[in-house]
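Top to bottom, those sequences are chains Y and E.
Start counting the first sequence at 231; every next residue gets the next number (the working numbering).
Start counting the second sequence at 231; every next residue gets the next number (the working numbering).
Since the hints were made in silico from the structure, they are not lab data.
Since the structure is predicted, the reported quantities are computational estimates derived from the model, not experimental observations.
Among these hints, one or two may not hold up.
Pairs count within a copy or across copies, as identical chains cannot be separated in the list.
[Unchecked claim] No more than 30 Å apart at the CA atoms, straight line, and that leaves these computed lysine-lysine pairs for BS3-like:
#1 Lys484 / Lys449
#2 Lys483 / Lys234
#3 Lys449 / Lys423
#4 Lys483 / Lys449
#5 Lys503 / Lys484
There are 2 protein chains.
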Amino acid sequence: MSYKIGLDISGGDFAPGAIINGALLARSELKQDIVLIGSRLEIEEQLALNDQSADEFTIIDAPEKIEMAESPVSAVRRKKNSSIVVGINLLKSKQIDAFVSCGNTGAVVGAATLRLGLIPGVERPGIGLLLPTKTGVSLLIDVGANIDCKPMHLFQYGIMASVYYNLVLNKKNPSLGLLNIGEEASKGLGVIKDLHKLFTASPLNFIGNVEAKEIFSGKCDCIVCDGFIGNIALKVAEGSVEAMGRFLIETIKKGILGKIGLLLLLPNLKKFKRKMDYAEYGGAPLLGVDGVVIIGHGRSSALAVKNAIGVAVGELSRDLTETINRRVNEICQDSRIRQILTV
Amino acid sequence: MSYKIGLDISGGDFAPGAIINGALLARSELKQDIVLIGSRLEIEEQLALNDQSADEFTIIDAPEKIEMAESPVSAVRRKKNSSIVVGINLLKSKQIDAFVSCGNTGAVVGAATLRLGLIPGVERPGIGLLLPTKTGVSLLIDVGANIDCKPMHLFQYGIMASVYYNLVLNKKNPSLGLLNIGEEASKGLGVIKDLHKLFTASPLNFIGNVEAKEIFSGKCDCIVCDGFIGNIALKVAEGSVEAMGRFLIETIKKGILGKIGLLLLLPNLKKFKRKMDYAEYGGAPLLGVDGVVIIGHGRSSALAVKNAIGVAVGELSRDLTETINRRVNEICQDSRIRQILTV
Chain Y
231 MSYKIGLDIS GGDFAPGAII NGALLARSEL KQDIVLIGSR LEIEEQLALN
281 DQSADEFTII DAPEKIEMAE SPVSAVRRKK NSSIVVGINL LKSKQIDAFV
331 SCGNTGAVVG AATLRLGLIP GVERPGIGLL LPTKTGVSLL IDVGANIDCK
381 PMHLFQYGIM ASVYYNLVLN KKNPSLGLLN IGEEASKGLG VIKDLHKLFT
431 ASPLNFIGNV EAKEIFSGKC DCIVCDGFIG NIALKVAEGS VEAMGRFLIE
481 TIKKGILGKI GLLLLLPNLK KFKRKMDYAE YGGAPLLGVD GVVIIGHGRS
531 SALAVKNAIG VAVGELSRDL TETINRRVNE ICQDSRIRQI LTV
Chain E
231 MSYKIGLDIS GGDFAPGAII NGALLARSEL KQDIVLIGSR LEIEEQLALN
281 DQSADEFTII DAPEKIEMAE SPVSAVRRKK NSSIVVGINL LKSKQIDAFV
331 SCGNTGAVVG AATLRLGLIP GVERPGIGLL LPTKTGVSLL IDVGANIDCK
381 PMHLFQYGIM ASVYYNLVLN KKNPSLGLLN IGEEASKGLG VIKDLHKLFT
431 ASPLNFIGNV EAKEIFSGKC DCIVCDGFIG NIALKVAEGS VEAMGRFLIE
481 TIKKGILGKI GLLLLLPNLK KFKRKMDYAE YGGAPLLGVD GVVIIGHGRS
531 SALAVKNAIG VAVGELSRDL TETINRRVNE ICQDSRIRQI LTV
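Extracted from the complex, chain Y is given alone in its bound form (with noise of 0.2 Å):
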């Protein structure tokens, strides 16, 4: 099935060239109709540069641009003509089926829960990474759409996470972790302990506290974690990663045989670096907004683009707001959680 995937030509540290190419790619290879949102001029010279007709696209002109350091909150008050904010006004209005971007993540976090609202009974929108791991895939949620989190809100994270592993990715009763600095309950912080005990109350498949190596060791499906801590994670992630690769050059290219070794590896090198390009394995879903809105990484090649556009196809094909908005009403009124919310 064909989809109306509205893409934001604007942003990321490669726009618009490589979202244009991301979405000829996602044309060609996903067969999906691609929506592309930003300065008219702009995406009709990078479709002459690549031999495309504008007409085979439909474009929708917003020539202003949120720029990636600027202030969420007024930019999206203030420029309404952005790809950001025209993007989420089509998806509020139904024109598209679901609205990715790699720009400002503030920015598409406050615009979307603005203007799309969250699923009802749902308190706070949550960024969800898509990483890899030994067995396979993990999903932590949240990487920096709620810097201050309740419990409530957390517990929610793990709902909507279970759902998505669920329904997305195909698992039957993924399993959960809560990301703590140690694996017995009493330990962290005071947040961590009450909700330790409400999703030990829960339906869910809670595995209890993860330390934070365990995100990459495939050990549960879904980590929970508050985003500011995610996004700590995440740029620790990064960066030790950017130092490895640069200590493993240097290192193996010493002496003769490893200049030789070196040469022979090369191919394989380039692979592994794409591998570890967490950039590529597409876009985060922002889980509890009312619309699917696919947040891709400020550094995404049109690669990145095309998965990024494949997640939101994931996410459309089944029913999950529905279903995360059943099951988060389900779970937070059964009447074991309500008590302990009181407690």
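Starting from the structure of chain Y, add chain E where the hints point.
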């Protein structure tokens, strides 16, 4: 100059073997007088295995062990004859000059805080971690001593880290950053905004907020964060480097060229593995307690133990405790700082 360095023989994943080997290395390479603290039976056994006479060491019998997973507070209270409690008591009574342990971190922090007390004026101890960067070394504080930090605790971490970097790592006016989810002063949690004001008003070389990926970039010398976040950051770095190492080997050995290349690179890859293993960089100084206490990584090898002892010696040969005392009191009693704190 030779110091008496107390070494906890019972703590660490590879104790007592790796710890004793580390002591032997430290004695021969660093020319220090190592006091072995732990089960006398085990120590004598290990020394015999290494063809060493027990007569050449001071051995302090401390037969009880605090396990890695034990609750620190109750373990410190109950196990008076544990290597950690005995070692800290020896330091308190000045029978040793410094104490090094790769055991239960919480127990070391707890015993040191209770028995040694804090440097006058310091409100909380913090664990500083030395990490390799592009240009040298960065000092991240706190990585797990204090998981519920008030602005004053974090402010003092910045002062203590700056003093440490200046004295022990010999850098005048080291730069200091505040770990946050963005560089703008307006970003992040309330406690971080308060802290930004305090550092800006202080005489420290404060460069503002830094993102987590800068931990490895060498952008600044000292980085301050809450112990919960610092511990998560540490474990994420460990986990991502581990995962990356695994992916690396899987990917590069593909194909016949890959297999030959890998063979040629093996010696360099082994060097690389050691370089990335931050456990090898030695121990983490516990700053703020009234005495030199170094916490080694649980996975410490003999080399790491020797390096941790080296970190202790580095501290002892400078008047770190006195300088921390003087700087903390000078800066915290400054009228501009006091004014910000009372708002």
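Hints, verified against the model:
no., hint, in the structure
1, Lys484 / Lys449, "between (36 Å within a copy, 26 Å between copies)"
2, Lys483 / Lys234, "neither (48 Å within a copy, 42 Å between copies)"
3, Lys449 / Lys423, "within (21 Å within a copy, 36 Å between copies)"
4, Lys483 / Lys449, "between (35 Å within a copy, 26 Å between copies)"
5, Lys503 / Lys484, "both (20 Å within a copy, 14 Å between copies)"
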